[in-house]
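Each protein sequence line maps, in turn, to chains A and B. FYI, in this note's numbering the residues of the first sequence are 1 to 247. FYI, in this note's numbering the residues of the second sequence are 248 to 494.
Quick caveat, the hints were computed from the structure, so don't treat them as lab data.
Calculated lysine-lysine pairs in the DSS-like style (CA-CA distance at most 27 Å, straight line):
| # | chain 1 | residue 1 | chain 2 | residue 2 |
| --- | --- | --- | --- | --- |
| 1 | A | K22 | B | K269 |
| 2 | A | K22 | B | K455 |
| 3 | B | K334 | B | K366 |
Quick list of simulated restraints, FRET-style, between CB atoms:
| # | chain 1 | residue 1 | chain 2 | residue 2 | range |
| --- | --- | --- | --- | --- | --- |
| 4 | B | Y456 | A | F100 | 18 to 28 Å |
| 5 | B | N305 | A | Y209 | 27 to 37 Å |
| 6 | B | H353 | A | P153 | 36 to 46 Å |
| 7 | B | F361 | A | A247 | 19 to 29 Å |
| 8 | B | F361 | A | L173 | 27 to 37 Å |
| 9 | B | E440 | A | F100 | 18 to 28 Å |
| 10 | B | H426 | A | D229 | 49 to 59 Å |
| 11 | A | D229 | B | Y456 | 42 to 52 Å |
| 12 | B | F347 | A | A197 | 22 to 32 Å |
| 13 | B | D278 | A | R126 | 38 to 48 Å |
| 14 | B | G459 | A | R168 | 29 to 39 Å |
| 15 | A | G27 | B | D296 | 16 to 26 Å |
Here's a subset of chain A near chain B, in silico, CB distances under 10 Å, partners left out:
| # | residue |
| --- | --- |
| 16 | M9 |
| 17 | A30 |
| 18 | D31 |
| 19 | V32 |
| 20 | D39 |
| 21 | I45 |
| 22 | D48 |
| 23 | T115 |
| 24 | E116 |
| 25 | R118 |
| 26 | G189 |
| 27 | P190 |
| 28 | I203 |
| 29 | Y209 |
| 30 | E217 |
| 31 | V219 |
Treat the numbers as computed from the prediction; the structure is a model and nothing was measured. By construction, the Cβ of each residue, glycine as well, lies at the ideal position given by its N, Cα and C atoms.
Below are the chains, spelled out letter by letter.
2 protein chains.
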Amino acid sequence: MTEIITAAMIVIGDEILSGRTKDRNIGHLADVMTAIGIDLKEVRIVSDDEADIVEAVNALRQRYTYVFTTGGIGPTHDDITADSIAKAFGVPCEYDEKAFALLGAHYAQRGVEFTESRKRMARMPRGAEHIDNPVSVAPGFRIDNVHVMAGVPSIFQTMLDNVVPTLRTGQKLLSETVHCPFGEGLIGGPLTEIQKAHPDTIIGSYPKYLDGSFWTELVIRARSPEVLDAATREVQSMVDGLAAATA
Amino acid sequence: MTEIITAAMIVIGDEILSGRTKDRNIGHLADVMTAIGIDLKEVRIVSDDEADIVEAVNALRQRYTYVFTTGGIGPTHDDITADSIAKAFGVPCEYDEKAFALLGAHYAQRGVEFTESRKRMARMPRGAEHIDNPVSVAPGFRIDNVHVMAGVPSIFQTMLDNVVPTLRTGQKLLSETVHCPFGEGLIGGPLTEIQKAHPDTIIGSYPKYLDGSFWTELVIRARSPEVLDAATREVQSMVDGLAAATA
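From just these sequences and the hints, can you work out the full model?
Right, here's the structure in full:
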C-alpha cells in the first residue's frame with residue numbers, strides 16, 4: 001500500500017479577498033503538487049487577521065501531511081504571518097540570528113539602511129528553519145509541517161522550488177483525459193456505472209460551455225497504470241458508442 | 248453605525264485542487280462583493296467530498312452573513328453539491344417540482360431525452376429557492392443564507408447577477424491608491440505610524456517586484472470619505488518626502 005501524502009494551502013491577504021490582486025499562487029502550487037504526487041486537499045484564503053490565520057493553521061496542520069502558506073511576510077505593519085504562525089504553535093516570535101545577519105549583510109552591501117521595518121523580516125517562530133529566497137534575500141521558513149512563503153509570485157515560486165526536494169512524495173496519481181463531444185446530461189448515467197465498476201479510479205466530468213453548446217472533458221485518475229488503462233478504455237468506448245448512435 | 252455585511256465563498260471541485268482547471272470565479276466574486284459593499288472574509292476550496300463540503304458549509308454559514316458556493320451542480324456522479332448542502336442543513340434532497348418542469352420542458356422543446364442524469368439537476372434541498380440560469384436552464388438555489396451556483400464561469404456570473412439584487416449590502420469600503428516607488432523596507436516604519444494615527448482606516452502595502460527592484464502599491468481603505476482623505480494625504484506626503492530626500 002503506497003502512502004498517500006496530503007497538503008493544504010493558506011493564502012493570506014486582504015488584497016486577494018478584495019479582488020484588488022488576483023491570486024496566481026494557488027494554480028501553481030496545485031500543478032506542482034500534482035506533478036510530484038502529493039494530493040492538495042484544501043485551500044483557504046484568509047484575511048490579514050491573526051485569529052483567522054491561527055485558526056486556519058491549526059485546523060489544517062493537524063489534518064494534512066503538509067501546509068503551505070503564501071503572503072504576509074514582508075516588512076510592513078500588515079505583515080503578521082510570522083507572529084500568527086508563532087502563536088499557532090505556542091512559541092515566541094523572535095529575531096532569527098542567521099536571517100538577521102543575512103539581511104544585515106545584504107543591505108550593508110547595497111549601502112541601504114537596515115531599518116526597523118527591514119529587521120522585521122528576520123523575525124520568525126523559535127525553532128523555524130529558513131527557506132531560501134534568492135530573489136530578495138528575506139527568507140521564508142518552515143516550522144514542523146508548515147511552510148511559510150512569500151506572496152509575490154516570482155518569490156513564492158523560487159521558495160517552493162527550494163522546498164520541493166525536502167518533501168516526502170507519494171505515488172503519483174496518473175491521469176488520462178477523454179474528450180467527449182456531448183454534454184453531461186447524456187453521459188451521466190453510463191459514466192456512473194463505469195465509476196462503480198472501477199472503484200480504484202476517480203472519474204471526473206468537467207463540463208465546458210462554448211457558443212451555446214456543452215462538451216465535456218472526462219478525466220480518469222488512478223495510481224496504477226493497469227487500473228487506469230482499463231477504466232479509460234471503457235470511458236472511450238462509451239463516448240465512441242454515443243457518437244455512433246447519434247451520427 | 249452602518250451594518251457590516253460579510254461573506255464567504257466555497258469553491259467545490261477536485262479539478263481546481265489538481266491544477267487541471269484554474270479558478271476564475273474567486274476573483275470575480277471578490278470584485279462584485281467589493282463593488283456592492285460586502286466584505287468577503289474567507290474562501291475555501293474543497294474537494295468533491297461530502298464530509299468536506301458539509302464541514303465547510305456549516306462552519307461558514309454560521310459565521311458570515313452570506314455564503315456563496317460554486318461547482319458540483321451538474322448531472323454526473325461527481326456532482327454532489329446539492330446532496331451535501333441538504334445534509335449540512337439536515338433536510339432531504341429531493342426533486343424540486345418547478346425545476347423538474349422547467350428542465351423537462353427545456354429538453355422536450357429541443358427533442359432531447361430527459362435522462363436520469365439530467366433529472367439529477369432538478370434535485371435540491373427541501374425549502375430551497377431557485378437561482379435562475381438563463382444560459383443552460385438548470386437552476387442554482389438558495390437555502391437560508393447559502394447561495395449555490397454553477398462552476399462554469401459564464402453560468403456562475405449570470406447566476407450571481409441574479410443574486411446580487413437580493414442581497415443586503417453595507418456601506419461600501421472606499422479606497423485610494425498611492426503609488427510608491429520605494430520598497431517596503433523604507434516605508435514600513437512611517438506607514439505603521441500613519442496606520443496607528445488613523446485607526447478607522449485599513450492601510451495595505453502590496454510589494455511589487457519587477458526587473459530586480461521593488462516598488463509598492465499603498466492602498467488606504469475606509470468607509471468615510473473624510474477619514475479616507477485625511478489618511479491618504481498623509482501617506483502621499485510620506486512618499487513625497489522620501490522622494491525629495493532621495494532625489
